[in-house]
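Protein chains in written order, with this note's numbering: chain A, 1 to 140; chain B, 1 to 140; chain C, 1 to 140; chain D, 1 to 140.
Source of the hints: derived by calculation from the structure; they are not laboratory data. Hints may be right or wrong, so weigh each one.
Stated by the list, open to error - Result set (DSSO-like, lysine-lysine): computed pairs, CA atoms no more than 27 angstroms apart in a straight line: (1) C:Lys107 / B:Lys12; (2) D:Lys133 / A:Lys107; (3) A:Lys133 / D:Lys133.
Given next are the chains, with one letter for each unit.
There are 4 protein chains.
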Amino acid sequence: MDKSKAQLVFDKMMATDYCSQWMGIEAVTLSEGHCKIKMTVTKEMLNGFGILHGGIAYAFADSAFAFAANSYGRLSVSVTGSMSFSKSAQEGDILYAEAVALHIGYKTAEFDVNISNGSKEIYYRFRGTVYRKSDNILDL
Amino acid sequence: MDKSKAQLVFDKMMATDYCSQWMGIEAVTLSEGHCKIKMTVTKEMLNGFGILHGGIAYAFADSAFAFAANSYGRLSVSVTGSMSFSKSAQEGDILYAEAVALHIGYKTAEFDVNISNGSKEIYYRFRGTVYRKSDNILDL
Amino acid sequence: MDKSKAQLVFDKMMATDYCSQWMGIEAVTLSEGHCKIKMTVTKEMLNGFGILHGGIAYAFADSAFAFAANSYGRLSVSVTGSMSFSKSAQEGDILYAEAVALHIGYKTAEFDVNISNGSKEIYYRFRGTVYRKSDNILDL
Amino acid sequence: MDKSKAQLVFDKMMATDYCSQWMGIEAVTLSEGHCKIKMTVTKEMLNGFGILHGGIAYAFADSAFAFAANSYGRLSVSVTGSMSFSKSAQEGDILYAEAVALHIGYKTAEFDVNISNGSKEIYYRFRGTVYRKSDNILDL
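Chain A on its own, in the form it takes in the complex (with noise of 0.2 angstroms):
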């Protein structure tokens, strides 16, 4: 079966990206404005409470931002971002991070990405704003 566009452009954006790499993220799914990825919380994500990193939650949430804003094709680049913190996760913890279009303009759009175990319980919330380029992230 071919590859979708989101496939595409995930696996693209993916095979120079070393540090979703380094976070050992897997696509869960993928489609136009929707990306669900995972991830395991490693020890050298902890920060000095023992607990995730704020910073490795929001670079999580951000590349699924970054997988769902760039999957219609148009290059997309982050203008802001910002994050809330319900929940701490923990070594070994499995966390799954779910990206949301919510708006879709001619220059600029907007994604909410929800961090969880898989259960309904949310443990960080984040919402950012790309610029939409002209180009064409496959033609690059």
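For chain A, the structure is supplied; the task is to place chains B, C and D on it using the hints.
Positioned in the frame of chain A, the structure of chains B, C and D alone reads:
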């Protein structure tokens, strides 16, 4: 000379902050409510566009934020953080994150963290809020 | 029938909330951790581009946020709020702001507020954090 | 003396900005990428706790943001804005909102707006991003 409280807090947090260790973070200046740290962008920190992953920029800022917020001794945990992206850092760049206190309340506090290469131009801007617990971080 | 606690809190807050009165805010549904209110866009709410001033959209969301956050009885004050703009409202539009609890912690809580004209399309998205005091708002 | 472009843009926007007129906003200083405005807190701006409604603080900042962002001549529209609350203003307080450019990009720009009573203490902090259109606001 005796170490300052800010230095003691930094040392205690860094000892088990495996993520900040992974980022290669070093202290430049530490004082109550203020912190300046540095790191060098490595290949593992890059995203699929060949630039510093936005999440690692956030993580770098978040570490500076945490050191500054805890420097008063009161255990402080992130509630929200946001970041904006003005300029991209490249592999090999030496970056500085400087955290300054905007507002220190009884139960919440707010900080700005600017990331630059040491010149006046800001690459990434972070603003975050902590909740301040009653516990003394040095007694934990 | 006895009024719910959420209704009592709303009534008490609205009695001296001259700004929400100026906006013409009316309750649609009120319950613990949830609130839906409405208003009509007036000429005095427009900005220089002939559309609803972004700050009044924020104020409308902020009122819904405050009613929902205080609906538990614990006095709750805003720490941070953010808003994104997807579609502009015009004079005469009837708008609804619906607040939902994302996370209720011991000392902080987070809410989303979406503003629409009653259809599925969201015009403005608000996300905010409160600090929860020990005081009971109904005892003040 | 000829009016500056920043002054011409302010005059054009204020002429139909009924909301800023309702707030009683007056210009203090206007230049490219910078704006300082003032207003007096009235009873209609208060919330149910007897202090300035957070949304009106946001609206005041948002007006300063809009005047500064449009001062270059390029039509600029809000994408996101966030606000944090350090100190409450009371009825009769004279407030100043000062907008400064953080980053001016080709298609997006970012500004900080601090609100104070003229002393060094900041009551409210706003940070926002605009999308910059190609249209010249003075030609509309």
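Checked hints:
For the hint pairing Lys107 of chain C with Lys12 of chain B, the CA-to-CA distance comes to about 26 angstroms; that is within 27 angstroms, so the pair holds. Among the hinted pairs, Lys133 of chain D with Lys107 of chain A is consistent with the structure: their alpha-carbon atoms are about 10 angstroms apart, no more than 27 angstroms. For a cut-off of 27 angstroms, the pair hint linking Lys133 of chain A to Lys133 of chain D stands: about 14 angstroms separates their Cα positions.
In this structure, none of the earlier numbered hints is contradicted; all agree with it.
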